[in-house]
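These two chains come separately, so use the hints to put the complex back together.
Going down the list, the protein sequences come from chains A and B.
To convert, note that position 226 of the first sequence is 226 in our numbering; the numbers rise steadily by one, no gaps.
To convert, note that position 159 of the second sequence is 1159 in our numbering; the numbers rise steadily by one, no gaps.
Incorrect hints may appear among the rest.
Computed cross-link-like contacts, EDC-like style, restricted to lysine to aspartate or glutamate with a CA-CA straight-line distance of at most 16 Å [stated by the list, open to error]: (1) K18(A) x E1239(B); (2) K182(A) x E1273(B); (3) K1483(B) x E203(A); (4) K13(A) x D24(A); (5) K1167(B) x E1110(B); (6) K56(A) x D23(A); (7) K7(A) x D31(A); (8) K1238(B) x D24(A); (9) K1238(B) x D23(A); (10) K13(A) x E1239(B).
Covered stretches of chain A, going by a simulated chain B footprint (3 or more residues, C-beta under 8 Å) [as the list claims (entries may be wrong)]: (11) 117–125; (12) 166–172; (13) 183–189; (14) 195–208.
Think of the hints as simulated: they come from the structure by calculation, not from any bench.
Idealized CB from N, CA, C, for every residue including glycine.
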Amino acid sequence: MTLKREKEEYLEKLWGMKEDELDDLSILSSDMNHEDHDRILHELVIDGFIETDGGKVRLTESGETRARQIIRAHRLAEKLIFDALGGDYEAGACEFEHMVNTEMVDSICILLGHPRECPHGRPIPQGDCCKRALKTAECAVIPITEMIPQQSSRVAYINGKSNQSRLNKIGALQIRPGTMIKLEQKSPSLVIQCEGADIALDENVAADIFVWKECTKNRRACFQDDVPGDGVCKQRSGFGFMRRKKWRG
Amino acid sequence: MAINKENLKVGIIGLPNSGKTQLFNNLTGTYNIVANAILTTISHKKNTCKINDILCEITDTPGIHELLAQTYEEASTRDYIFDEKPDVLIMCMDSNRLKQSLYLTLDLLELGIPLIIALNAIDETCRRGILLDTRKLLHFLRVPVVECIALSGQGMEELKEAIFQAKGIKWEFKYSETIENGIDQIVCKLPTNIANQRKIASLLLLNDPYIIDFIKKYKNVTDENIQEIHMIVNQTRKEFQGNIARVVNTRRNQWVDDIANEVMIQQSLMPHEFEKTFARLCRTPLTGIPILLFIIYLVYLGVVNCANVIAEWMDSRIWVPIQDLINVLVPAGFFNDFLIGDYGILSLGLANAFITVLPILSVFFLIYNTLEDVGYIPNLCVLTRRFFEKLGLSGESVMPLVLGFGCKTMATLTTKSLQSKRERYIAIYLIAFAIPCAAQMGLNISILGRIGLEAFVIAFIVLISVEIIAGLILNIVLPYEEKGEFIQELPPIRLPTMKAVIVKTWYRMIWFLEEAVPVFIYAALALFVLDKTGILMASKLFLSPVIQGWLGLPLEMVDALILCMARHEAAAGLIIKLIGDGLLNFTQCIVAVVITTMFVPCFANIMAMIKELGTYRAIMMTVMINASSFVIAGCLNWALIYWY
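This is chain B alone, in the form it adopts within the complex (with noise of 0.2 Å):
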């Protein structure tokens, strides 16, 4: 069955960290963050391209194990398969990952919707001695499979061909008769109007934490159907006198065994993999804390000796220069101030983007971007599991918190899949509170490296205990809940490619000026026309016992406190100057730190846990942050001082 048609929904389906959001990319042309992680993609994200004229709806989901949803991530994967009824499906089935690739393979093509398998990174699996047939399991699955290397773009032609190939194969499992008579009386009672009728009944059979909330949704379901499918289910299960997703489950199993013995070869030796030697290493903490130390420093060394470098030469290459130019053309006086002056939207707002954070952040996000190809940061989480589990975090948390150290709003979000709300409320209160994101790391790298090492490790070092103190207390203080369990599949380790790196750097960078620029020269307008009409200078006043007196700054750190509300890169920037300025001693300067690393977590932030706690929680939340953020800063500045 060919497809004929003017607009063509394609959805992407995978395994999660599979390569679905890479072939996006190259089927699109367009460019989303990929990375060798799960969650790096959980929303869904939709774009429109022309394949042989034909208008093609293409969307990325999250990733899936399987119809029957675990997750939130999974249940929205899956509801935009039920709900938006795409044409297409394009099952990005990862060749290291055979049978749990046929598994949900399977699930797809018991819907019926029409499918084509993209056989992603076999390049890997031949350096594995595996090799997979393709035209076998063609020939077993009787839709198209494309062979492809989403990473190089290899394939991608036969693949866009392939999509008017795809065929809607309807393969139907029979299972014994109480299960059959059980899914029959569970289609009755669903309204007409759903389509997959019997896969959504089997769901409910199988007890899907999600599938409830999706029949809602229909507003032709009365609360008395949902009464009597859960009178069928409790029946059919009574009948059964077992454990049916067991024998479900099983008959699957048997299938995927069927195909993936026949297509699968391996070669009974398996060589010794490098990548696999170094993901132990990296996980065993004999050997895993000083890896990480090492590539700490490392990083502290790249931000240190090259962006602090490149951040100088252009500050004295260009922005002096154009210093002086404005200074001959404008003179002194009111606009003057107002391009130029302390709070001027061009040194204040563009120079301190373009010339102060930009250069930081990008060879920041050049070492975080290889470490995240590496996978490297998913896999930490084994050794920091036992860690957090001290905090009152089980596993399951472990990731959203170790994702916070890419961006906190997403780790935000990721939440959501926690089974507990005691642990999801520790979770998004401790990413909130003293993770720095990656920019914000990036950056005070960069001002700590400009005190010298020493600064850099006292400050971390309190960051985390704060961290740790901070969890200790909520752990005490929330009612006891039963524990969630650690099952979490971590990304293999790979060799990243110098190309991929670059092209996420550069986009970040691209996304980092389109969203910052305009805050930043909002920032500096506001602080300008603050200052104008002097409201500045009585708050410095008014905040200067706080300010001075407990927490021993400069009273321009009121305008970096005051930035960091809207971009706390625009903060660091001012850090930076005030440091370049000699306002800013060594104890200063790690309390200027910590402080805007803990100060107001950035307004995506506070949306994100606004969603996830509701605006109450949220807001009380931010308060006590900020509250505590001040009285940890004055502490530290006064032991700071004993100290030396």
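So that you can see chain A by itself, here it is in the shape it has in the complex (with noise of 0.2 Å):
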């Protein structure tokens, strides 16, 4: 393995670590367990992306920068393999993250509807992409309180990891990514449709439920606020990043 991955396998350790509020340094050589520690310390210390002080380490504004665009492309990454591909997400994303740049990662990003979690559950760091989309609304991504009654659609993502038992009672229904929901109606509560049982939901729930933009023929129409006379929207099959390369061809 060369120095260059090493150090980025650290960075990334590093960012995992300050999600979790940690900076003991004996908790980074412990669980990296490498034979070069404190040479690949030395290195990023050199590099100016960390900081040691004493018996703690934390990352430097350029280390973090850096860690983000680590991190970004391997949750990215799994989140492709796990929702696009069904494989075995944490071995290919492994490898996946040392080698792509930055437009690479963000037109994965696009692709997949600038989602916010990785198939963990953990944050995926926001790119320049994603604010730009979420400034232009060109998101593939709508939550279901954006979809029109009687419309239907296939889950993307759901968020909302903090609320283990709001995801656990969601799950239970089988609203998951993958699954096609039905919108029956939008007030005075939103009700859906779900392999075959019509769950009621309070907007809250429903906002945190994100579904592939399934209009073909006038993507604006989506959005309740301008739907033009008569604009007709389309079911399809399929994921939306897979149609999105059609249009593109």
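Pasting the structure below:
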């Protein structure tokens, strides 16, 4: 393994530790368990990526930027492998993150509709593309609350990892990535049809369930605010990003 | 592995509203309330029956989605499986919800308990253009699969046969190394006499809110053990660096999808269903509110034009001749009073129950049961959610309140699953306060119907406003807590079958007679004794400033309020009699209905409140409800007098 790669693994670990609010150098060394531990740490300090202070270690600003890129690539890769290919995401993603550049990561992010969580349920750091997408509302995914009644769509992902009991509840009702749901009505409560059952939800829960935007003719028609006169929404099967590719071709 | 045993313990497990109780009724030949609604069964019901000369103890359980419990009812079903170790489990599978059912089936398969699958409601899937390949399902699951339609009793013989062919196939999933290590470590810490250790360990790892309570029930579990288990759980989560639940669920979902995709054949064009359209219309405010009002009006018409007529007919044809006969046989005096006097056990006891109350209740329940089987009532929670939100109740507690219109006791018991204490308190209070239960509703309609539609409208508007004001006040007074979330499965709208509705009404009437008639008689006896000893008159005089002055009611209403404590139906019967005697006018009638609806929740409801809140708070609540019911009824009296 090259030194660059080792350093990236370290940065990745440090980001994970930061998420868990840990900063002990001893944890880092025991978790990584690497023979060149001290050398890699030294290199990272020289690069200006980390600062060590007694038994503590933390990422510098530039280190954080770099780690963010790596983590983003890693978790997006997991998401890609998991959602689209249905494979063992851990093994593949470990290799992937070291090979791709920012542009490639961004395009994967666009394909996946700017997901916010990896399959483990950890947050994916936002890239420039996500921020742009937020502004221009060009997402490939929309929350259920923005669907039009009687429209069907496929669930892309469900946010809210902090609320495990809600996820369990939703999961037991088989609302999960990949299932088709149909919005029956929006007010006074949302009612969706999922796998043969009608389920009523409140807006807070519904806003965290994202579906692939399933319109083909007029994508803007999915937004209720500006539905054109006869904005026809056609249902198509398959993942959103697959079709996006087709349009480009 | 065929089962050879003298006694078989059979448990029926399934999703909520999948027809477990109907299966139970079919197998045991008994009757328990079946409804097209969730939370119909909230406690375990046991019964024995003989199948092939083997005594089977069959248990009906509340519905669950998976062994990971989210509500109290789900935890109780799981505890049943873990504690009582049934020999055979019947998985009642709702064909309409194949994936959800398979998800639960996987949990049961993992336990290794012999399992058979009853594929219920296949008639509905057929109509929806969905076909299930039973042979493939059998092939994948390797346990007996029986097609059945529980509602019409089809497939029951096959199901009985299959109980003896149930096979215990241990299905085990292996997860990644970190998770497996964690599970193994937890298993070591669990006491050896617990069954299903692996499942319990994985539930601990997934942070099930109720499983710790289950483990604590074992005597040889020390606090240290639990501490250690917590440590391992936290350690494993840290090591795994992610969401264990999600990874575990993904594996399971994959399994479900693989089977469902093979088994289910679905036509691409779904036929339009009248039921679906109707459900949607009921839930949208624009059409839903008119439908609701129309249904209430229909109930009103039914009770007034049908039940009241039957009751009057029965009174003149049956009760009057009996009265005349007794008058001839027993000369006026003590014994005549004892039998058919104002507080006679025949007049106030039996005739009240059989001739006044029973016809009204049977007509009302015929309509109510039809609505219940249609599945209309739970669908109302969508329509009324926003309204209840204003009262500080988030979605979770809407269902118990809606259920309160059926039976207040049961509704109070279902509040156990509400996460927030504050919401539970508000919900129990509102259920006990001004919501009339089904029987009370029927009788109220009958009483008010004698006076006119206007009285009916006024009384119910008052009751609704009381409920709103009480909710608003509680909402302000009680300290703020985070709101629960509203994720509620709705039962599908179904066309009811005449037979099921009639059978249900029949049993409800039988139960009413069994429960209420003795109470009616005892209450009449108590009043008779009070009357003869003069205590009744004294208390009437003592209460007259309140009853006559403040409430504007005749003194006879004291009897009704006393009867109310025994049984609300008895009080209603007395009020009907008072109207017949011309003792109550328009205003008094409304006040009488409002006060009897709010006054003292019935005994069973108070017991349920004590169970949920503790004795002190429950009694405080009852006292508060009674006090406010007097205040409100008095205000109403003066308002009506001022108005007219």
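Has the given pair, K1238(B) with D24(A), been kept, meaning a C-alpha gap of at most 16 Å? holds (15 Å)
Go check the segment 117–125 of chain A versus chain B for me, would you? Three or more residues, Cβ under 8 Å, otherwise it fails. holds (count 5)
Given that the segment 195–208 of chain A was listed as covered by chain B, double-check it with a C-beta distance under 8 Å for 3 or more residues. holds (count 10)
State whether the coverage of the segment 183–189 of chain A by chain B holds or is violated, taking the criterion as 3 or more residues with Cβ-Cβ distances under 8 Å. holds (count 5)
Between K1167(B) and E1110(B), does the CA-CA distance stay at or below 16 Å? holds (13 Å)
For K56(A) and D23(A), compute the direct alpha-carbon distance and say whether it is at most 16 Å. Judged against 16 Å, a Cα distance of about 5 Å means the pair holds.
Given the hint that K18(A) pairs with E1239(B), does the C-alpha gap stay at or below 16 Å? holds (15 Å)
Quickly compare the C-alpha distance for K1483(B) and E203(A) to 16 Å and report which way the hint goes. OK: K1483(B) and E203(A) at ~13 Å, within 16 Å.
Within a Cα-Cα threshold of 16 Å, do K13(A) and E1239(B) meet the stated pairing? Within the cut-off at roughly 12 Å; holds.
Claimed coverage, the segment 166–172 of chain A by chain B - three or more beta carbons nearer than 8 Å: holds (count 7)
Between the alpha carbons of K7(A) and D31(A), is the straight-line distance 16 Å or under? holds (14 Å)
With the threshold set at 16 Å, check whether the alpha-carbon distance from K1238(B) to D23(A) stays at or below it. Measuring from Cα to Cα gives roughly 15 Å; hence the hint holds.
Checked against the numbered hints given earlier, the structure satisfies every one of them.
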